[in-house]
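This is what each chain is made of:
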Amino acid sequence: MPKTAPRRARRRGPRRHTRRDRAVLCVLLGLPILLDLVLVWGPTMASVGLSFTDWDGVGDITWAGLGNYAHLFTDYPQFWPAVRNNLLWLAALGLLATPFGLLLAALIDRGVRFSRFYQSTLYMPVVLSLAVVGFIAQLILSRDQGALNALLGGGKDPVDWLGDPDLNIWMILLAACWRHTGYVMILYLAGLKSVDPTLKEAAAIDGATERQTFFRVVLPALRPVNVIVGVITVVEALRAFDIVYAVNKGRNGLELLSVLVTDNIVGEASRIGFGSAIAVVLLLVSLGFIVTYLVQELRGEERR
Amino acid sequence: MTVPAVRAAHPVRPAGPSGGAPGRRRGGRGGRDGRDGRRGGRWGVHAFLLAVSLAFLAPLLLAVYASLRPYEETARDGYFSLPSRLSFDYYRQAFTDSGMGRYFLNTLLIAVPGVLITLFLASFTAFAVARLRLRGSLLLLMFFTAGNLLPQQVIVTPLYVLFTKVPLPYWLSDSLTLYDSLWAVLLVQIAFQLGFCVFVLANFMRTLPREILEAAVVDGAGVWTRYRHVTLPLCRPALAALGTLQFTWMYNDFLWGLVFLSDGDKLPVTSALNNLRGQFFTDYNLLAAGSVIVALPTIVVFLLLQRHFIAGLTLGANKG
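Read top to bottom, the protein sequences are chains A and B. Heads up, the first sequence is in UniProt numbering, so the first residue is 1 and it goes up one at a time. Heads up, the second sequence is in UniProt numbering, so the first residue is 1 and it goes up one at a time.
By construction, these hints were calculated from the structure, which means they are not laboratory data. On a predicted model such as this, the values are computed, not experimentally measured, just so you know. The C-beta atom is built at its ideal place from N, Cα and C for all residues, glycine as well. One or more hints might be untrue.
Computed footprint of chain A on chain B, listed as stretches where at least three residues anywhere in the stretch have a Cβ under 8 Å from a Cβ of chain A [claimed, not checked]:
#1 71–81
#2 177–190
#3 193–204
#4 219–225
#5 266–275
Given these sequences and hints, build the entire structure.
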């Protein structure tokens, strides 16, 4: 890395901060660091600690060792369905919504007319809160008056789209994808605008078809965007909460890890140690992705 | 996490000050495609995009339509029926009976200061990370970025405990603790969103020409001046895009309000939507009206700032 040497030299350069500069730095850099430490990283560590204890939030905290985890993996009926649903969520967002968003972005980026209209419309669901999305899902999918059943005309024997535990997760996934597609689209749209057009021209001169150009030239150039989209997809899939909570509080087929955490610590049960153990499982999965992502970033940083 | 992606895509761009030829691609309208069959393909693309757009809009339109009709009517005829009467009654009802006005105020009390403080703190941090060549700035960047990627549920319990332990005087919080006060939600929002904003702004600031800053240093400008008067004005597009995103997120937040507030009157508007749901009977049309009311501000903000928003995301595309 020949680049680092001059950089370091520059860093050591003549610039010395005055006392006033240092005061400004201390306050304005210290404040955000303090906030993040106290309200994000501290609680994260505390959650890990609490996951090894029994606590109802009021009485004494007693050490439970791995008891919570053992209970969670073997004896908590909602756990594995929740894991399954989180994985389904990941698969739906990653394999359906993301490619679809990319396709829409590619089409719009070709410079069709009315692109502003398409762009705004497709992005519209993203600005809605998931709670609203959850409610709209009910409007369409509810058994007795839902629009979908009205459309299908299933008068005698209406399908209970949201009540049937074999069915409802798919419907909710559809709603989640509806929202995620627009998000992915706007990211790719922004990314595509920054791809150097001469690259495409060069490919065209070399006789590449439009499809080849896209997959072999444009998409590789978008690698950083792909990484970000991947991270966002994972984070969204793991964090999913609002929409099922708005529909039926995450019960009856709509269990999610995030819902189990919330139920255990906020609900009447108040099993904080146990809820934390679920949260730690969630954390470990997320950390896997976060670390991968940060390593990527770090490499990019070195190249810069 | 949006903008950095875009920024990072830049190495492929030529380094020239004109930064490629954006004007050219704009005018290019598929000019590089083969001439034959282009028209047919074009219509296909339009038909496809239009169909998808309508499919995306349909649920929203349905909600608006339902909200304008009385419940008895849709209960009898279903949502796909011609209206005998349209009215704004439900909107009035949502505001008067369930006090949406107050919930809106709660949301604004959180989201407006939240966005401003977050952007201020994050922009300074980003400035320090990206422009001051401090030691450990990369670590600092990761500290914030990774913090934003943690699942919210992981930090909920300890925060809940912490907030119930922090006393506040009565004039700050009528619950006498940080728990069950808007401060709690505001603080968490700021702390949690800082990471994202620092990340985006730091990436953005890296693209600003160094010379301007060097010149300021030569002129003897202190850290604050270099931040406030040299760097910040150049960041306006990125700040606009971030502001839009942040407002949407803070406005739409559901979990924090649910967990850290127990007094129903303090709920932000998104969490309060559930209040329109009855214990035994839910008037879906009333809920539809509530949803439209809740959704409207973010849609309006997005449509108004759309140009800045996209510009902020694509920014750097013509910077050296």
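Hint check results:
no.: 1; hint: 71–81; verdict: holds (count 5)
no.: 2; hint: 177–190; verdict: holds (count 3)
no.: 3; hint: 193–204; verdict: holds (count 3)
no.: 4; hint: 219–225; verdict: holds (count 3)
no.: 5; hint: 266–275; verdict: holds (count 4)
In summary, this structure violates none of the numbered hints.
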